[in-house]
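Let the sequences and hints guide you as you build the complete structure.
Residue numbers (this note's numbering), protein chains in the order written: chain A, 1 to 216; chain B, 1 to 216; chain C, 1 to 216.
There's no promise every hint is true.
Note: identical chains are not told apart, hence a pair may lie in one copy or across any two.
[What the hints assert, rightly or not] Below, in silico cross-link-like pairs of lysine-lysine (BS3-like), each with a Cα-Cα straight-line distance of 25 Å or less:
#1 Lys49 x Lys111
#2 Lys105 x Lys121
#3 Lys214 x Lys61
#4 Lys214 x Lys135
#5 Lys135 x Lys61
These aren't lab readings, by the way, just hints derived from the structure by calculation.
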Amino acid sequence: MGGFNSFVKLFMPKDRVFYSLFEDVASNLVEMSQVLNELVATTDLAVRKDKVHLIERLEHKNDDYTHRIFVELGQNFITPFDREDIHYLAATLDDVADYIHGSAKRMDIYKVHNINDSIRKLAELIHLGVLELHKAIHELRTMSNMRIITDACVKINSLENHADDIYDMAIAELFETEQNAAELIKMREIYQALEIATDKCEDCANVIETIIIKYS
Amino acid sequence: MGGFNSFVKLFMPKDRVFYSLFEDVASNLVEMSQVLNELVATTDLAVRKDKVHLIERLEHKNDDYTHRIFVELGQNFITPFDREDIHYLAATLDDVADYIHGSAKRMDIYKVHNINDSIRKLAELIHLGVLELHKAIHELRTMSNMRIITDACVKINSLENHADDIYDMAIAELFETEQNAAELIKMREIYQALEIATDKCEDCANVIETIIIKYS
Amino acid sequence: MGGFNSFVKLFMPKDRVFYSLFEDVASNLVEMSQVLNELVATTDLAVRKDKVHLIERLEHKNDDYTHRIFVELGQNFITPFDREDIHYLAATLDDVADYIHGSAKRMDIYKVHNINDSIRKLAELIHLGVLELHKAIHELRTMSNMRIITDACVKINSLENHADDIYDMAIAELFETEQNAAELIKMREIYQALEIATDKCEDCANVIETIIIKYS
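Written as structure tokens, this is what we have:
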């Protein structure tokens, strides 16, 4: 479909707005996942509460970007990629933000005091995945080095597999050691929110792969 | 894209069927959420069981409408809005019905006796959200007063935020007071089903906003 | 839209690849659900572990097929059905594989020793549903006997209803009998994964119905 795509690319200059918005989302996610790691590193409950509030504000910022992408999509007939890919990428990046926020919020409202190595490791994997997303999304604008994009996607897939293993072990240990139903459910919810955040990074990588397949 | 949309609007008269079906779904949801509120208001277990059965029948009716929308979508080349928006709106309205039904069914099969204020408040917020959806959907046919639609969508978003707060407080209290694992999980499932119903109302409002952005 | 569809059908010979890939997925799912039934029939823990590993390998095979469908979809302008239906069918078939794998994996990592009749019945219903999917998907290539497809879809819907009932009863019994929080949550997760697998079969049937409505 090279011919058709070249034809589409003629119209790209008008649509820089999508690249900018996706780059804004990616930078915002880098900040969110960074703050999440600061949150799980501290034992100071007041500091932790501040981090949760900051993540909350960043999540609202993400909602605004996502909303703007949808508005632009509704108003632009020509888009740099297929409309459904733009829609799905924006929605899935928003899911990453939601699950980062969701895990942070649960650590706060459930008053979780034993933030452990599994939680810290999952938070780190989310941050590493988001950094790769950031790289891939910044390459979308020029698509001059496809290798950077595919490498980032491969890396995100392997980070997600790693997160799966950490999650499985954390859950197995939780079931063996935690006797209290409420504590068990709270911890499991936090592990789940963190693990789903890495799943959503992988979903983003999958859309990005779909996009570059079509334009290669 | 005014020109293109005006062109599309020429074909609208043929496609009244979609408006009618969406209006049927909206009226059905109003009835479902009304019955849900009657269910959570009564302490008479026989009455409650009747309400659950009524909700079940209404949910099947909703499935039929949704199915008809999908069939019409498959058979009509020209549609009043983008096909994917019709599909997504129908599917998401169906989700609202599913979660209303799901919450009612769980109160029944789990034999929940302590229907509390949080449950009643969430049921009320669902009903209020559904009434706003009903308003917005009835405006879609003429789109003569966009303000009615946007006001309804803003209202639904604020109802969903309110439901989030009620849910968070209910879950926090549950974790602090309920020692029995089975009871804890049952109540949490019911809160979740109710809260997701309000999320789904918000998702509906978001599609409706997408539709009016495109046709404004 | 008969005229338009006939026009599209002219291009079909080029696109046999989609039929073949969907048939490969269907055959792979038949094998996965077969192995799941062998897994829940045995009490030999070493045999069970082997079955889980086999399901894992088959699930990776399914991922590869799904990925190839998405790649083909990105590279082919003309497709035998609407692009979004191909995408959704592939994604939903992949969900069936994921939930079969998810349920098997949980029985393994949670060291579930009391595999009971409810689990065995749900595994059987999944297998029966997958066999119907296999039938329907093999008919898509020629669409010479629509009745075979619609019958399979009706059957899948009824299997899903049956699975719902088994699930509800199993969960109700679990809540009444299991006092240990960890055991309760583990068993509930396994029931859920099995039940969602049957939901996903129904979702597949629904897309297939959508496809045949458009091409009838």
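Status of each hint after checking the structure:
1. Lys49 x Lys111: Within one copy only: 10 Å inside a chain, 38 Å across chains, cut-off 25 Å.
2. Lys105 x Lys121: Answer is both; intra-copy 18 Å and inter-copy 22 Å each pass.
3. Lys214 x Lys61: This pair counts as between: shortest inter-copy Cα distance 23 Å, intra-copy 30 Å.
4. Lys214 x Lys135: within (19 Å within a copy, 32 Å between copies)
5. Lys135 x Lys61: within (20 Å within a copy, 29 Å between copies)
Hint compliance for this structure: every hint is met.
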